[in-house]
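Visitor: Read off the chains here:
There are 2 protein chains.
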Amino acid sequence: MAGKPRPPRFPRVALIGIGLIGSSLARVLRRDGLADHIAVCARSHATLDKARELRLADSTTTDPRQVVEDADLVMLSTPVGAYEPIAQAMAPSLKRGCIVSDVGSVKMSVIRDVTPHLPKSVHLVPGHPVAGTEHSGPEAGFAELFEGRFCILTPEPETSETAVKRIRALWEHAGMMVEQMDAEHHDKVLAITSHLPHLIAYTIVGTATDLEDHLRREVVRFSAGGFRDFTRIAASDPVMWRDVFLNNKDAVLEMLGRFTEDLTALQRAIRWDEAEKLEDLFTRTREIRRGVIDANQA
Amino acid sequence: MAGKPRPPRFPRVALIGIGLIGSSLARVLRRDGLADHIAVCARSHATLDKARELRLADSTTTDPRQVVEDADLVMLSTPVGAYEPIAQAMAPSLKRGCIVSDVGSVKMSVIRDVTPHLPKSVHLVPGHPVAGTEHSGPEAGFAELFEGRFCILTPEPETSETAVKRIRALWEHAGMMVEQMDAEHHDKVLAITSHLPHLIAYTIVGTATDLEDHLRREVVRFSAGGFRDFTRIAASDPVMWRDVFLNNKDAVLEMLGRFTEDLTALQRAIRWDEAEKLEDLFTRTREIRRGVIDANQA
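Chains as they are written, first to last, in my numbering: chain A, 56 to 353; chain B, 56 to 353.
I should point out that these hints are in silico values taken from the structure, not numbers from a laboratory.
By construction, the Cβ of each residue, glycine as well, lies at the ideal position given by its N, Cα and C atoms.
Hints are not guaranteed to be accurate.
As the list claims (entries may be wrong) - Derived coverage of chain B by chain A (criterion: at least 3 residues anywhere in the stretch with Cβ under 8 Å from a Cβ of chain A; other residues may be distant):
no., segment
1, 188 to 196
2, 263 to 275
Unchecked claim - Calculated pairs, DSBU-like style, for lysine-lysine (alpha carbon to alpha carbon, straight line, at most 35 Å):
no., chain 1, residue 1, chain 2, residue 2
3, B, Lys-332, A, Lys-105
4, A, Lys-332, B, Lys-304
5, A, Lys-332, B, Lys-150
Let the hints inform the model, and build the full structure from the sequences given.
Guide: Here it is in structure tokens:
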């Protein structure tokens, strides 16, 4: 990699949504003085008060139209289902040349929901920092969250190179490895690496929740055998994930279909005592773990 | 909890199988001088050499009949599918009053496969330390593996109380919280807390392995979004897990049936944009995580 690039500076940043990701980015901006003013927008005053208390906001408002006034960078960090009304509300007061970006886990829907509302003088650079924890809210964030993780940008071919470079520099400065791909490809890759795992974790924890009382009580106690890893994933933000599944429906249903086929085959192998088939699969899956470790993503 | 009980002592211990769990137990025995002699049996000389090199074995053999000679405690730590031939082989040379125990993840099959071969003068105390990592082999073990985790014993009602107490004391000494229940109940609880999570993790990692090349390469890079937790689980020992599924077939298929129903319902909710249904489930599953954290099993 080349030497560390000059830190990107944005005189005025508007953060719309200040949960785990938004507040972690705010902490990076603060720590390194990348913004003179951070204006924060959230739906609830309780969240805004918390953001001020944490010194993450110089000004706050519940109004998306107001928060983007004079902003050089607008970063959407709400659940993706809220993007369209926000885009509609903020559009009239976006500054000429302003960059609008986001951190959502789905990218085709961003282009679909946000682009039609933006004036031509504004640059949309959809982004996805692939980082997170199972905790939510402004107090859950930390500046180091992004370090060593990938960030995926999915700008349209006609997008200003300069705008893309500035968003790339921002995430690189936060410690991320930035990749570019088209939104459709992003949504397919994330469907299998992130959306399907979450869907399955939510399901199995739900299945356990519905067990007869005498079994359910024990599930928690003996969770160390594998289940607890699923409970961690299934503790992620409910509204964020609801919106992910509804906005990446095609790719999620496609991957879910493949998964279900494979699960049915495995079920059959167990029922019919096909020992070799089981051992073969369990041996093959070990390889992928090695890949994850080699890629430093373990 | 009452004060620390006197450490249990076994003049001669035979360990049959010296992988992650067996070698971790050997390290506890060594560290605290709980055995005068540790005799180790494994199928391969390479494994036995490794066990000697790690100073976990005072004597070694590939012969189960030989290893149990004069042993006060015989601990089976092989994949559960190997128990029956081992029981058959070792039975004739078991000492009167000897305790036979195990560490397998399935308990009904132990009673089914081992009991018929044992002389009446020997005590069978099936056990399951619910602890582990995704690593295998004698070098993967460590004495602290058991600390703060649950161990489940499933002795039959007619089993000698003294024998059960000694096995309980052994695992308590290793730092475990020991519970007793019947084998059938154990196998149901573990089917949902451990076996089904492993089955699902193996499946989804397998599904990813079968993707088109251009997608598969990216899966590893962007695994931080949830997938990597599954790769860790799906890196567990293939033979051990093959045997678990084949020997807890009924409970695994029953839980798998419930899971599949729930997954199908969720799939339908996504297809039909049932936002509220999704959010409700994702909110309910958060509760279980809190339970896991409260139980100190996170």
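Visitor: So if I understand the rule, the pair passes when the alpha-carbon distance is 35 Å or less; does A/Lys-332 with B/Lys-150 pass?
Guide: Violated, because 39 Å separates the two Cα atoms, which is more than 35 Å.
Visitor: Given the hint that A/Lys-332 pairs with B/Lys-304, does the C-alpha gap stay at or below 35 Å?
Guide: Holds - the C-alpha atoms of B/Lys-304 and A/Lys-332 are around 15 Å apart, at most 35 Å.
Visitor: Within the assertion that chain A covers the segment 263 to 275 of chain B, do at least three residues meet a Cβ-to-Cβ distance smaller than 8 Å?
Guide: Since three or more residues must qualify, the claim that chain A covers the segment 263 to 275 of chain B holds, with 8 doing so at under 8 Å.
Visitor: Closer than 8 Å, Cβ to Cβ, for at least three residues: run that test on the segment 188 to 196 of chain B against chain A and report holds or violated.
Guide: Three-residue rule not met by the segment 188 to 196 of chain B, so violated; n is 1.
Visitor: Is the hinted pair B/Lys-332 and A/Lys-105 satisfied, with a Cα-Cα distance of at most 35 Å?
Guide: Answer holds: B/Lys-332 to A/Lys-105 is near 30 Å, not above 35 Å.
Of the numbered hints given earlier, the model fails hints 1, 5; all others are met.
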